Structure formats: structure tokens, C-alpha cells
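Here are the chains, one letter per residue:
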Amino acid sequence: EDQVTQSPEALRLQEGESSSLNCSYTVSGLRGLFWYRQDPGKGPEFLFTLYSAGEEKEKERLKATLTKKESFLHITAPKPEDSATYLCAVQPVDSNYQLIWGAGTKLIIKP
Amino acid sequence: GAVVSQHPSWVICKSGTSVKIECRSLDFQATTMFWYRQFPKQSLMLMATSNEGSKATYEQGVEKDKFLINHASLTLSTLTVTSAHPEDSSFYICSARDASGGSSYNEQFFGPGTRLTVL
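Read top to bottom, the protein sequences are chains X and C.
Counting in my numbering, the first sequence runs from 3 upward without gaps.
Counting in my numbering, the second sequence runs from 15 upward without gaps.
Watch out, some of these pointers could steer you wrong.
Dumping the calculated DSSO-like pairs for lysine-lysine here, alpha-carbon to alpha-carbon at most 30 Å [as the list claims (entries may be wrong)]:
hint, chain 1, residue 1, chain 2, residue 2
1, X, K108, X, K70
2, X, K70, C, K28
3, X, K108, C, K69
4, X, K71, C, K55
Not close to chain X: a few residues of chain C, all C-beta gaps over 10 Å, as computed [stated by the list, open to error]:
hint, residue
5, R38
6, E66
7, K78
8, T94
Covered, in the sense of this in silico footprint (three residues per stretch, anywhere, with C-beta under 8 Å from a C-beta of chain C), are these stretches of chain X [stated by the list, open to error]:
hint, stretch
9, 12 to 26
10, 31 to 38
11, 70 to 77
I should point out that these hints are in silico values taken from the structure, not numbers from a laboratory.
Bear in mind that the values here come from a model prediction, so they are computed numbers and not experimental data.
Just so it is clear, CB atoms sit at the ideal spot from N, CA and C, and this is done for glycine as well.
Same shape as in the complex, but just chain X:
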């Protein structure tokens, strides 16, 4: 069964304290792995798509990496405005472009 597990469930960091969020997945065939950011009461905001093991993508303080079993979202020197829930999703090759979602990691950055 295709499955996505995110850890930790919640993460509290001090401003400037770098860390990583984990997304472990099992899927019969991976078309793509996606990272989104969601603020309370809003729809998810697209961050990255990763397609193959070894791929990395960066955007400001965020960097996403991918292996055959998991993806990491690294956040470097975070600021309070980076506080949000970060969602990971995978798209199986045999899907109608549907996504299988993790439960998310709630990130809180304290000033």
C-alpha cells in the first residue's frame, strides 16, 4: 500500500536554528514527490517537486532532497515567518495525477 509518513509531528526551533523535516514513503512507482507549505486557514502553497533519487532543489532558506525511501526538507537559519505546516505528498506513476499526503509537520520558529 502506498504510504507517506512525516516526522516529527511538530518542531519548535529558535530563530536561526537550522533543522530538517523528514518524509518517508513507500510507493510502487514514484512519478514525483512534492513539498507544500500551509498556513492556518489557507490552501497549501507549492514549494518543490522532486522526481529522482539524488535530486535537490532550493528556494531561499529551504532545500529539499530525495532518496529512494525518503525526502528531507532542510531549513537553514529559519525566521519566524517560516512558521507553518509543511506537507509532503507522493504521486504514484499509476495515479490520475492524484497525491498521497503525509500528515504534515508543524514548524514553529520562535524569535
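Fit chain C to the supplied structure of chain X, relying on the hints for placement.
For chain C alone, kept in the frame of chain X given last:
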């Protein structure tokens, strides 16, 4: 680019009435749109996949006669919650896939969501 709008952003209705939510892709054509609901502190739950010009495909456990989906054009999909009840209160979010075949071919872009409260 890749902007999706939803209307209304929130709605309060009486039990037994029907509510229609619109989802529009503003700057791209969306062959496929998706409807989700999200309960507090939970992740997204896919309700249905909507392809332009054809019937929507509903996920297991989602009543198609209660949640009517119409994808009449490449930029508009609507979700109608019929005979709404308090248990239908939730955050409904749509997403759209850019069908142009460019670099964002596989990605879903989300609307801001609609908060439905049924009294």
C-alpha cells in the same frame, strides 16, 4: 503564474440547504481539478478528481449524490454540497493541474479554501 481562486472564502448555511463552491484557474488551463476537505489539525483528504468534460471520479466513502462536481470548462470547476448537515462543516480546498505540458505538468496548485459552517 499558476493562481487558483475559490469563491466564497467562507459560507454559513442552514441545515438542509445546498451550497455551491467555485474553483477557477486564473492564468492557466486545468484539464484536471481536485477537491479536498480538511478537518482541524488533519491533513488533506481527497474527495474527488474532476476532468474537464467528463464525470468526476469520487474517492471511496464520498457520496457523489451529496457532493456534486461539475467541471464545465478548462478554468472552472464547482462543488455543490446538497442538503448540507452540520457534519459537512469543514474546510474545502480545490486544486488544479496545469495541462499545458510545461515544467509544472505534474504539480497541483491550490486555491485558498472555503470554510463551510452548517448550522
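Exercise. Failing hints, ascending?
Worked result: 2, 3, 9, 11
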